[in-house]
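Participant: So the chains spell out like this:
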Amino acid sequence: MIGPLAGVLFDGFAYGMLLFLLSVGLSVTLGMMNFINLAHCSFAMLGGYVAVTLMNRFGWPFFATLPAAFLAAAAASVILERTLFRRLYRASELDQCLLTIGIVFMSVAAAAYAYGTVQQPVQLPDYLRGAVSLRGVNLAAYRLFLVGAAAAITLVLVAALEWTPFGAQVRAAVDNPRMARGLGINVDRAFAITFALGSGLAGLGGALAIAIVGLDPAFAFTYLVYVLIVVSVGGLGTVGGSFAAAALLGISDVAGKYYVPELGSFLIYLVMLGLLMWRPAGLFGRR
Amino acid sequence: MRKALIGLGSLAIGLFAAATVDAQQTVKIGLVMPYSGQFADAATQMDNAIKLYMKQKGDTVAGKKIEILRRDTGGVAPDVAKRLAQELIVRDQVDILAGFVLTPNALAAADVSAEAKKFMVVMNAATAIITTKSPYLVRTSVTVPQLNETFGAWAYKSGVRKIYTMVSDYGPGHDAEGAFQRGFKEAGGEVLGAVRFPVANPDFSAFVQRAKDLNPEAIYVWVPGGVQPAALGKALAERGIDARKTKILGQGELTEDEALRSMGDAALGIVTVYHYDHNHDSALNKAFVNAYRNAYGGRNPNIYSIGGYDGMHLTYEALKKTGGKSDAESLIAAVQGMQWESPRGPVAIDPQTRDIVQTVYIRRVEKRDGQLLNVEFDKIDAVKDPFKARMKN
Amino acid sequence: MATVGPDPVAAPQRHLEAQTRWRPIETAFWVAAATPLLLLPSYLQLASQVAVAALFALSLDLILGYAGIVSLGHAAFFGVGAYGAGIISKYGWGEPLSGLLIAASLAGATGYAASFVIARFRHLALIMITLGMGLLLHEAANSASWLTGGADGLQGVRIWPLFGAFKFDLYGYTAYTYSLVVLFLLFLVARRLVHSPFGLSLRGIRENPLRMPAVGAPSRAHIRKIYTISAVAAGAAGALLAQTTSTVSLEVLSFQRSADVLVILILGGAGRLYGGVLGAIVYLVARDQFSGINPQYWYFWIGMLLVLVVTFLPNGILGGFAQLTASWRRGSW
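Chains as they are written, first to last, in our numbering: chain A, 61 to 347; chain B, 36 to 428; chain C, 5 to 337.
No wet-lab data here; the hints were simulated from the structure.
It is possible that some hints are incorrect.
[Unchecked claim] Okay, the calculated beta carbon distance ranges per label pair:
hint, chain 1, residue 1, chain 2, residue 2, range
1, C, S200, A, V218, 32 to 40 Å
2, A, A135, C, W332, 56 to 64 Å
3, C, A144, B, R196, 30 to 38 Å
4, B, G358, C, A36, 42 to 50 Å
5, C, T315, B, G98, 38 to 46 Å
6, A, G334, C, Y116, 20 to 28 Å
7, C, G335, A, I253, 39 to 47 Å
8, A, A135, C, T315, 19 to 27 Å
9, B, D248, A, F123, 33 to 41 Å
Glycine residues also receive a C-beta, built at the ideal position from the N, C-alpha and C atoms.
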């Protein structure tokens with residue numbers, strides 16, 4: 061039974077990688093500044109719609125739309141951060157929730173207005189369709205691509221965090237913002253840049269997600285829950301935590317559905333509850 | 036708070052005044068639909084068709100002007116739907132309740148229709164029991180057993196002997212599973228196994244792999260429209276189930292336009308059952324589809340559109356028959372046994388159940404002129420809802 | 005040794021007593037709440053749903069505003085109450101008051117069981133655990149469609165007339181009076197609770213959970229107690245909804261409902277007792293009006309309302325007003 065299971069596990073891992081891309085930005089920014097940005101998935105939705113518009117209306121090739129999605133989401137986050145979010149860093153968590161939920165509502169309505177409520181179709185280039193057979197295991201070509209992209213991005217992120225001065229600043233700010241400020245690190249600027257990067261990654265994740273989960277104006281809401289699950293299970297402020305949590309959740313979800321389909325959707329919540337009760341700060345979390 | 040009260044009070048007075056002035060000359064129709072939220076697309080398509088009908092036939096019938104009021108339920112929210120129906124009747128004095136994309140909302144509003152004695156037209160919600168909830172209720176869309184039980188019997192006739200079923204784990208999915216299996220087994224077929232996908236986040240891989248392990252000659256699937264059909268279609272292709280070798284049977288949502296575009300050639304050969312496709316080859320339908328496309332940016336009408344279009348037609352014809360009288364008793368008497376030619380084919384309203392009787396089509400996905408289409412290749416005429424037919428006996 | 009300083013018992017006692025005195029604006033509010041029966045008879049169904057939402061938000065305020073427990077799964081108790089009342093009536097017992105009591109107790113029992121887990125966690129883990137439990141219950145209700153009716157909703161809910169004479173009809177008089185009275189009674193209970201030593205200790209737990217056990221307060225027991233009480237109130241709200249609308253469907257257990265009540269409470273102002281009620285009025289009336297004007301895109305205006313409130317009225321409407329009156333008193337405008 062290992063042949064079919066391997067294929068199914070791979071699909072679960074790929075789905076987990078998608079969740080990772082959507083969540084990693086939120087994990088790092090939440091860990092750094094404790095700013096609860098529930099509008100994170102709105103940036104993902106923005107990235108998705110940008111990619112779809114460029115592909116369907118302007119005929120751009122699929123790969124070219126990905127950096128555009130990243131940049132659009134990053135730019136939008138910079139604007140929002142400067143104008144609105146900045147005022148609420150000192151505000152209560154509840155106010156931050158309310159503000160960002162208000163933004164989610166507005167983004168969902170705006171998407172419905174601009175693009176209609178219909179599903180956005182995405183036509184992938186031919187070499188990304190269908191499946192590749194590896195030793196008798198069917199691996200979907202697009203999922204292979206997704207795993208590859210996620211791996212590349214993880215490497216870049218980890219390398220940036222470990223080996224660049226900016227990465228060191230970010231790590232310091234996550235560990236102890238007050239101390240970092242005391243050492244002369246411009247925490248606010250570090251945060252602004254990290255926030256833009258995290259939102260950009262969400263936008264990229266959104267663009268990549270369309271081919272697997274589809275895109276409609278409700279996207280900003282639907283995926284919020286899963287992103288929150290990944291972030292809390294993985295731990296705040298850590299890339300590795302998001303990666304592990306997303307992979308774990310994706311694989312256990314799929315393995316559960318394969319072996320015990322009656323448990324269906326219960327499993328992912330049970331796994332989440334179990335992991336949180338075992339490690340409340342998250343798998344790799346610190347606080 | 037006081038300002039709000041004053042504002043609300045004046046609004047109420049204003050509406051009351053507006054209502055009494057024209058009460059004699061207008062027939063008010065209250066549309067209760069999920070204009071926002073997850074199911075907004077269905078509401079958009081239905082509303083578009085309603086607007087198109089009124090544009091084509093004018094907004095005056097039997098000397099009365101038709102006025103439309105729109106209310107949003109936001110999705111599945113029977114308490115809201117009930118309140119909106121009540122408010123439409125008490126506050127806005129509507130004569131007719133219409134719309135209703137979702138079953139729980141339709142059921143809740145049916146209570147209001149029965150209590151307040153108002154004519155109600157269900158233009159989409161497909162659960163069989165809905166029409167039993169109010170004696171003033173008529174449906175112009177379809178019922179789940181009408182499609183799936185017929186499909187089960189047809190599947191056996193077409194040569195399938197053993198089948199594996201996969202449906203979404205909630206009400207409509209269970210209904211579809213029950214109806215299909217019943218039709219199939221009564222005809223003599225055998226159900227190899229059945230599995231249910233969770234409604235949210237149903238990553239189909241694992242389930243499709245389980246199906247493949249059993250290597251059935253045919254698989255029956257049922258998922259709600261929206262994102263899931265494309266995802267399921269792709270999962271079937273990715274796990275190596277070829278629609279041309281293993282028969283894939285499903286309800287028409289599986290192969291709707293957007294899903295076909297996302298699935299690509301992997302969809303070729305999928306056989307579905309439905310009561311309407313924009314591809315249907317009749318002059319009336321071609322005219323309808325062209326008018327719809329012209330009015331709505333090239334988008335094709337779908338089942339929500341036809342439910343709305345036929346619902347308006349029914350209402351107009353009923354009003355013509357009653358000479359403009361809009362009380363529930365007259366209207367319901369007028370619609371029973373009504374028959375007409377719709378863009379989907381010939382339809383009628385069953386006088387006993389007030390439900391729709393129509394032709395059920397079997398289609399296959401084929402490529403014509405480089406485009407993927409659902410091509411009708413078989414049909415069963417004048418299908419009544421089997422569920423309620425059994426209830427009588 | 006003669007006590008020269010303030011009496012250590014009398015001062016807090018007087019403080020609490022001062023808080024519990026009824027202010028004229030409160031009396032005016034509750035009287036005004038009864039006026040829709042006379043002035044706005046066609047809005048009674050909406051008013052009834054506002055009252056239900058207000059009670060639900062009040063129940064959340066008890067744990068969030070006063071004990072600091074952020075819950076994203078509070079709809080679980082609302083749903084248990086709603087389904088409890090609905091199922092009892094489906095199987096033959098449609099008397100509203102006893103149904104309400106039974107349903108609320110069921111919700112309370114669920115809350116009590118859950119509180120053993122809740123009391124042990126804080127911060128993000130707590131939020132996500134409440135979310136997870138709520139989602140699990142929603143899934144379980146979907147699976148148990150033999151009991152709950154599944155996605156189609158519970159069928160056959162028939163509520164008997166209140167006191168044998170007042171039907172829950174189309175016009176909403178019974179519905180609104182019933183909901184308003186229940187809301188008021190539970191509000192009185194909450195008010196008493198909050199302005200008591202128990203209420204003060206809850207605020208202590210919210211502000212500094214580490215220190216409270218050090219002064220001898222049994223934090224975990226207190227949290228379990230308030231969580232159970234909150235669950236009872238939420239269950240009562242759910243039962244009210246089921247009884248006044250004779251409908252129950254899965255969405256009473258949904259994440260959407262938990263998120264909505266959280267938004268309502270934050271909008272009105274948490275920790276201020278009237279915040280939930282005010283938030284419910286503003287949010288539901290605004291939603292109704294916006295969706296009447298613009299059924300497809302009203303979300304946008306609601307979102308804008310939320311953003312504006314947060315920008316100009318920090319800590320919710322009541323919080324913002326409190327700040328404004330404080331700065332006006334100081335003369336610093």
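Participant: Given a hint of 42 to 50 Å, does the C-beta separation of B/G358 and C/A36 actually sit inside it?
Facilitator: holds, 48 Å
Participant: The hint says 20 to 28 Å between A/G334 and C/Y116; measuring C-beta to C-beta, is that right?
Facilitator: holds, 22 Å
Participant: Okay, A/A135 versus C/W332 on CB: inside 56 to 64 Å?
Facilitator: violated, 41 Å
Participant: Note whether the CB distance of C/T315 and B/G98 lies within 38 to 46 Å or breaks it.
Facilitator: violated, 53 Å
Participant: Could you tell me whether the CB distance from C/A144 to B/R196 stays inside 30 to 38 Å?
Facilitator: holds, 37 Å
Participant: Has the hinted range 19 to 27 Å been met by the Cβ atoms of A/A135 and C/T315?
Facilitator: holds, 22 Å
Participant: Does the beta carbon distance between C/S200 and A/V218 stay inside 32 to 40 Å, or does it fall outside?
Facilitator: violated, 53 Å
Participant: Between B/D248 and A/F123, does the beta-carbon spacing fit 33 to 41 Å?
Facilitator: For A/F123 against B/D248, whose Cβ atoms are near 36 Å apart, the range 33 to 41 Å holds.
Participant: C/G335 and A/I253, beta-carbon distance inside 39 to 47 Å?
Facilitator: holds, 42 Å
The structure is inconsistent with the numbered hints 1, 2 and 5, although it conforms to all the rest.
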